[in-house]
Amino acid sequence: MKSSVITFPGSNCDRDMDVALKKFGFKNKMVWHNDAELPKSDLIVLPGGFSYGDYLRCGSMASKSKIMKSVINFANSGGMVMGICNGFQILVETGLVPGVLLRNKYLEFICKNIFVKINNKTNRYFNNIKNNVLEFHIAHNEGNYFCTQDQLKEIEDNDQVAINYCDKNGKVEEHFNPNGSIKNIAGIFNKEKNVLGMMPHPERMIDNCLSGEDGSIFFNNLINNLK
Amino acid sequence: MIVNEQVAIDHGLKKDEYAKICELLKRTPNITELGIFSAMWNEHCSYKSSRLHLKKLPTKGKKVIQGPGENAGVIDIEDNDAIVFKIESHNHPSFIEPYQGAATGVGGIMRDVFTMGARPIANLNSIHFGSPQHKKTKNLLRGVVHGIGGYGNCMGVPTVAGQTSFDSSYNGNILVNAMTLGLVKKDKIFYSKAAGLDKPVIYVGSKTGRDGIHGASMASASFDDKIEEKKPTVQVGDPFTEKLLLEACLELMAGDSIIAIQDMGAAGLTSSSIEMASKGNLGIEINLNKVPCRESKMTPYEIMLSESQERMLIVLENGKEKQAKKIFDKWNLDFAVIGKTTNSKKIQLYFDEEMVADIPVNTLVENSPMYDRKWKKAKLPKKNKIKKEELKNFKIIDVLKKILANPNICSKEWIWQQYDHTVMGDTIQKPGGDAGVVRVHGTNKAVAASVDSSAVYCWAHPLTGGKQVVCESFRNLIAVGAKPIAITNCLNFGSPENEENMGEFVECVQGIGEASEYLKFPVVSGNVSFYNQTKDEGIKPTPAIGGVGLIKDYNKMITMDFKEINNVVLVIGKTEGHLDQTLFARNILDEKNGPPPEINLFNEKNNGETLLKLIESNLIKSAHDVSLGGIVTAVAKMCIKGKKGINLNKPKYLINEMEYFFGEDQGRYIIEVGKKDLKKVTDILNKNAVHFDELGTINENELYIDDKTKVTIDELISSNTKWLSDYMSN
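Keeping their order, the protein sequence lines are chains A and B.
Position 70 (the first sequence) corresponds to 243 in the numbering used here; numbering is contiguous.
Position 678 (the second sequence) corresponds to 2139 in the numbering used here; numbering is contiguous.
Keep in mind that the hints were calculated from the coordinates and are not lab data.
Glycine included, every Cβ here is placed at the ideal spot set by N, Cα and C.
Be a bit skeptical, because a hint or two may be false.
[Claimed, not checked] Mimicking BS3-like on lysine-lysine, the simulated pairs with C-alpha atoms at most 30 Å apart in a straight line are:
#	chain 1	residue 1	chain 2	residue 2
1	A	K237	B	K1791
2	B	K1649	A	K196
3	B	K2104	A	K285
4	A	K326	A	K364
[Unchecked claim] Facing chain B, a subset of chain A residues (Cβ under 8 Å, in silico):
#	residue
5	G183
6	H310
7	S384
[Unchecked claim] Simulated restraints, written as ranges between beta carbons of each label pair:
#	chain 1	residue 1	chain 2	residue 2	range
8	B	K1783	A	K195	31 to 37 Å
9	B	R1671	A	N300	56 to 62 Å
10	A	K195	B	E1712	39 to 45 Å
11	B	I1470	A	L229	45 to 51 Å
12	B	T2170	A	L229	35 to 41 Å
Take the sequences, apply the hints, and build the full model.
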């Protein structure tokens, strides 16, 4: 399986994602934001970080960079595109997934382990995964997902919510929401479910001696689904 | 502007210093030259009050590749890998403008590290605030934490450990010390020594603006009522540009075009160009019209003294300019050839085709003032006679809960959760333990780092305090299973012109020197910050020690959480029950006098090295050093982390229970041992003449001493975790 990770100026989880993808069997290439063409890929990843410093709305500058035209075309033709953290912010700025990401409710950066409940398994990201709940890790300042009531209805009607913040037993309640996101949303799909944006970093959970290993479950499952 | 003695005094120079400048130049300096002298001769850049004493610190060792004098120290961690590290203060700017002050402190120290070719892999910090009740404390704390996070998070370097304290002596002068570790191949270390004639001098990074002018001079003076006016001397950070600068520099460093490289930190273009020339015994000629400026009509004076961030100065090999420029173009950074090396041994500046400065380099460096300041030796205070009857009025559990909720002991999760501590995917011990630990990417090795200070002990007796901080750093590394290698120090003191403050400095440095010599734990880098005072009110002497150690196999790393029910818990090291200057004495008994606990370097070394042997033999399940709050506080923290309890034995020998449980005798660790390994462990301890007491066994969920003296771990957790978040949300 071939993957590509896009490096924007200010990306800082690009290497971590490269390490994770390779660990689970992807042949990964790093792609520079100023390139025009994507290498042949089964999966494109927009990594975390602070693209262009996030001095405007997070992700807005990166969403206009040269490579993104190809990424958008790739997504629109059904290609798998995953945006993590800043990558999620870039995805909402391109409009590939609906909604926006606001500043965290308590106005502070949060770095910690959280649990997410998988809401939809009929897609190539979560299909066949045995767990209903995964322990992931978040590290962000703007992860407070928001959309209009009309958008929310559409998202829910199309079953586009990918994961929700929850407790270790899968209970989705406001109390377990780290950033104030609407309906505890931690990640969403586009309508076709080939584009996934999420705040948590599975690439930081790939080794027992790191924050945990549930990222390994995710990546192992992902590569098997793509085969 | 005509330069005279008054202008020099306004620049922070003394009368005799100005006279010396005129004598060295054999003429009156012009305003640009005077600015350069004031920047190079201030305390912050010249170390004029401290140089004499710093020379006495042990700086060499088998593992030391580079000691003090470069951008940062470098140590060998085998297999051609080396760690570059340093700690630096950003106290004054952080008090004036906490967010930017702290942010640029973090940015500055990371630049020091990657200037040497190393990719930063871990950040740490030591931050000290005034009393929680002081009106400024909350905002300063919030600003500093946001600033540290804002910069480090954006750079993508994990903040893995730190220290936060509160004490009213910091009411008018907070401390913000930032430390960075970087990883480099031993044969790819870059230095700041220029070499060769007619080599191009290159400016890269951000443009030069009017921010931070005279920042270093501001940091070399006490605060007064007009502190708000000093805001323009604080630099403004741009972590995004620094991230680009990091990647561009490392890309350029992969080749062989760099002769010397130096970041523009304190005193900006002035100190960077002069240091490179001085180390290479060369001259440098700069055309200031070529310096990329953010604002129009900047004068030579402003260009030379600006402390705009995220800038580097490089001496390149001839003919490599194009290739280098391509890299900086790719990263959208300014790149300008601004001058060349010469054999004049002078710093010569041109602006609008006129020479605006012409100063022999040695007058700025070797001939800079050095003072043997008067200092007062501190007496060892007499021991307090705390009455045993008085101690009987206290209940262990009540005191323990109070101590766990004390601002200097309580959980600092509110702080470190705002720092990205897991980016780079190698953090194997997060903040909240004895030391932060990161793997050396792609290897079985890991590096542990900790930062410590004990202002109360240093204040009570500077010599003992100085030793103690080094020992505590040593212990924190050993407690995670790392072999201590070297330290960096950030020496935060009041005014060197005050004999008592100067005495504190001299004796703390002596203590640091003695301990690091004995423990073979040399000082490889550091920084001095004097004038931490508002008007005449100085801070408690606060040397911060950043220690670095190596874990050869990271699977052997130890954490402090209790692991398994029925395992046995021991305390290593002798408990004498020293109460003076302890958290218990100061905060519960309200007794502020007396000497700090004594340091026995033989025991420190022997206890530590023996524990390391036990860890290497896989005999230790968890470990934690005993520090503030004594045995019971250390044990309680291990319970909290592991969500387990302990049946705690009472002392078997004569001393009082309160002294036993809350005394802060040094050289001690708490360790957890499996029942089947107990004999092996005690045999090794006995063989090495290490004193130990059996403290008890681990249980499910209760700290239990007797039926009247017990508490659930949940209750301890709530005492420990609530204070800071409650304080910050009110």
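For each hint, the structure was consulted:
Taking the CA atoms of A:K237 and B:K1791, the gap is near 18 Å; set against the 30 Å cutoff, the hint holds. For the suggested pair B:K1649 and A:K196, the alpha carbons sit about 28 Å apart, so the restraint of at most 30 Å is met. About 18 Å separates the Cα atoms of B:K2104 and A:K285, which keeps this hinted pair within 30 Å; it holds. For the given pair, A:K326 sits about 13 Å from A:K364 by alpha-carbon distance, which is consistent with the 30 Å threshold.
Nearest Cβ of chain B to the Cβ of A:G183: about 5 Å, under the 8 Å cut. The hint holds. Taking 8 Å as the C-beta cut-off, the interface hint given for A:H310 holds, the closest approach to chain B being about 6 Å. For the restraint placing A:S384 at the interface with chain B, the shortest Cβ-Cβ distance is roughly 6 Å, inside the 8 Å limit, so the hint holds. In this structure the hint that B:K1783 and A:K195 lie 31 to 37 Å apart at CB holds, the actual value being about 34 Å.
For the pair B:R1671 and A:N300, the supplied restraint of 56 to 62 Å holds, since their beta-carbon distance comes to about 58 Å. For the pair A:K195 and B:E1712, the beta carbons lie near 21 Å from each other, so the given range of 39 to 45 Å is not met. Checking the proposed 45 to 51 Å range against B:I1470 and A:L229 shows it holds: the Cβ atoms sit about 46 Å from each other. Taken as a hint, the range 35 to 41 Å is violated for the pair B:T2170 and A:L229, whose Cβ atoms sit roughly 59 Å apart.
Of the numbered hints stated above, those contradicted by the structure are hints 10, 12, listed in ascending order.
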